[in-house]
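A.B. asks: Spelled out from the first residue to the last, the chains are:
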Amino acid sequence: MSDVRAMTTASGCHIFSGCGYPAPSISDFYFKPIFTIGGIEITKPMVLAVMAAAIVVGFFAIAFARPKLVPRGAQNLGEIGVLFVRDQILRPQLGKKGDGYLPFLVSLFFFIWIMNIFGIIPLIEFPATSKFAFPVALTAMVWVTYMTLGIRSQGPIGYFKNMAVPQGAPWWILPLLSPIELFSNIIVRPFTLSIRLFANMLAGHLLLLVFGLASWYLFSLSIGLLFAATSFALTIILTGLEVLIQALQAFIFTTLTAFYFADAQESSH
Amino acid sequence: MSSRMENGDLWATPRIQAADRGPGGALRPRSSGRGRTVMSESGARADGTRGPRRPSEGTGWAVVSYLIGGMVLYGGIGWLIGRWTHIAVLFPVGMLLGMGLALALVILRFTRS
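Sequences listed follow chains A and B, in order. Using my numbering, read the first sequence as starting at 81 and increasing by one per residue. Using my numbering, read the second sequence as starting at 760 and increasing by one per residue.
Read the hints as simulated data drawn from the structure, not as lab findings. Take these hints with a grain of salt, some might be off.
[What the hints assert, rightly or not] 25 Å max Cα-Cα, derived SDA-like pairs, lysine to any residue:
(1) A/Lys176 with A/Thr228
(2) A/Lys124 with A/Ala220
(3) A/Lys241 with B/Gly835
(4) A/Lys176 with B/Gly819
(5) A/Lys241 with B/Gly819
[Said to hold, decoys possible] Not close to chain B: a few residues of chain A, all C-beta gaps over 10 Å, as computed:
(6) Gly100
(7) Ile106
(8) Ala129
(9) Leu203
(10) Leu318
(11) Ala342
[As the list claims (entries may be wrong)] Over the 10 Å line for every Cβ pair with chain B, so calculated as not near, a few chain A residues:
(12) Ile117
(13) Lys148
(14) Trp251
(15) Asn265
Think of the CB as a built atom: it goes at the ideal place given N, C-alpha and C, for glycine as much as any other residue.
Chain B with its partners taken away, still in its complex shape:
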């Protein structure tokens, strides 16, 4: 984050605030380390502290890729087992399970500190 400030990038300030006040900030329990992460995100990363990711264009697409991944993976496993056992309902069940797990993963990765 300091690099952007040095660069004179005026956009940096609102972005930091957005990272603090975004949905992630609202969902996240106010636990230790949060303030420091907000103050200097790159610093927090450099010393190995696991801070929350800042929301960016990439984050949105990463979420999409998790949702697709979970659905395709567990849907595929469900479909295979369903083919094997002749229980057709395992395919949609697998897809739903995958979606649920992908959502859990998104919450774990992007909203908790």
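Isolated chain A (complex conformation):
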């Protein structure tokens, strides 16, 4: 529960009671440290990230602890998850030869997805990925991997040469186009990859806060009841939308990771 919400519910702040709407703001994304370990203050998003990692690792460890030929229970679910990432994300981009990246992509997809889903789980209600550091850290891993892959498969000079020289371009335009290629591949890609995930989760969480708080704030025995009901209905609808967006963002992040891996390995441009 965020500080704003706690404050509102405690103070009984309603419309027509002379109390202004306690609009959610960026301060809702900053938390007081829960506890301190060796001088490092542990906050809610950190705990959530560790929880998400534990859930992903724990689930797949249980699911594939004693794999059977005919999967049952958790193994069934785990296989659906792994096969989904393989067939919908990895194979379309990397083909069969890219199966080696499956563990990384599966972990990435489910880790992000679980962190996103925390945004709508009652009592947790905070997507850890709406803290910019988490998408940035994940993107840094992806960036280092695809740069390494590119340099390894095409050589340090070949990789940057292939990146900078688009095929079929007349030579006189290359000095103008090459900087865009390099800039876009090395700087814009990781930038947009992290921003996309972060901004979507931040905006989604803010939206839910706005309408969630408004349903409480507008509640009074007057016309406010109608406003509150509308706001509450919107909260429900937007929660549904968030479920979709949370899965979609995890999917897009992983798909783009696979695309960047494929792009780094082939020299077709």
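With chain A's structure known, arrange chain B on it following the hints.
C.D. replies: Coordinates of chain B only, in the frame set by chain A:
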């Protein structure tokens, strides 16, 4: 592409056709090597032939990143030169130039064979 067929992925067939008939296919001049690329894309890549990329989720985002990259890069250069020479109009001019060049790059990379 053959890998997907082996996998029994029924979605593969419409995807190949989409890659053939998509906007890229319409814009692309019907030149040599096209038929082969459509028949077996991965094969064409394996032997080093430069085939067109298949449209995928990634392609769309790559286009976006080119457009942003071109605009930011040349807009930034224009802004810097504008600051230096006190000609403020160089910033929007740089952005437009960057956008145009990024578009040219997108056409070169994603629509021509």
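A.B. asks: Work down the list of hints and note, for each, if the structure agrees.
C.D. replies: Outcome of the hint check:
| no. | hint | verdict |
| --- | --- | --- |
| 1 | A/Lys176 with A/Thr228 | holds, 20 Å |
| 2 | A/Lys124 with A/Ala220 | holds, 22 Å |
| 3 | A/Lys241 with B/Gly835 | holds, 24 Å |
| 4 | A/Lys176 with B/Gly819 | holds, 22 Å |
| 5 | A/Lys241 with B/Gly819 | holds, 23 Å |
| 6 | Gly100 | holds, 38 Å |
| 7 | Ile106 | holds, 24 Å |
| 8 | Ala129 | holds, 25 Å |
| 9 | Leu203 | holds, 34 Å |
| 10 | Leu318 | holds, 25 Å |
| 11 | Ala342 | violated, 8 Å |
| 12 | Ile117 | holds, 38 Å |
| 13 | Lys148 | holds, 22 Å |
| 14 | Trp251 | holds, 13 Å |
| 15 | Asn265 | violated, 8 Å |
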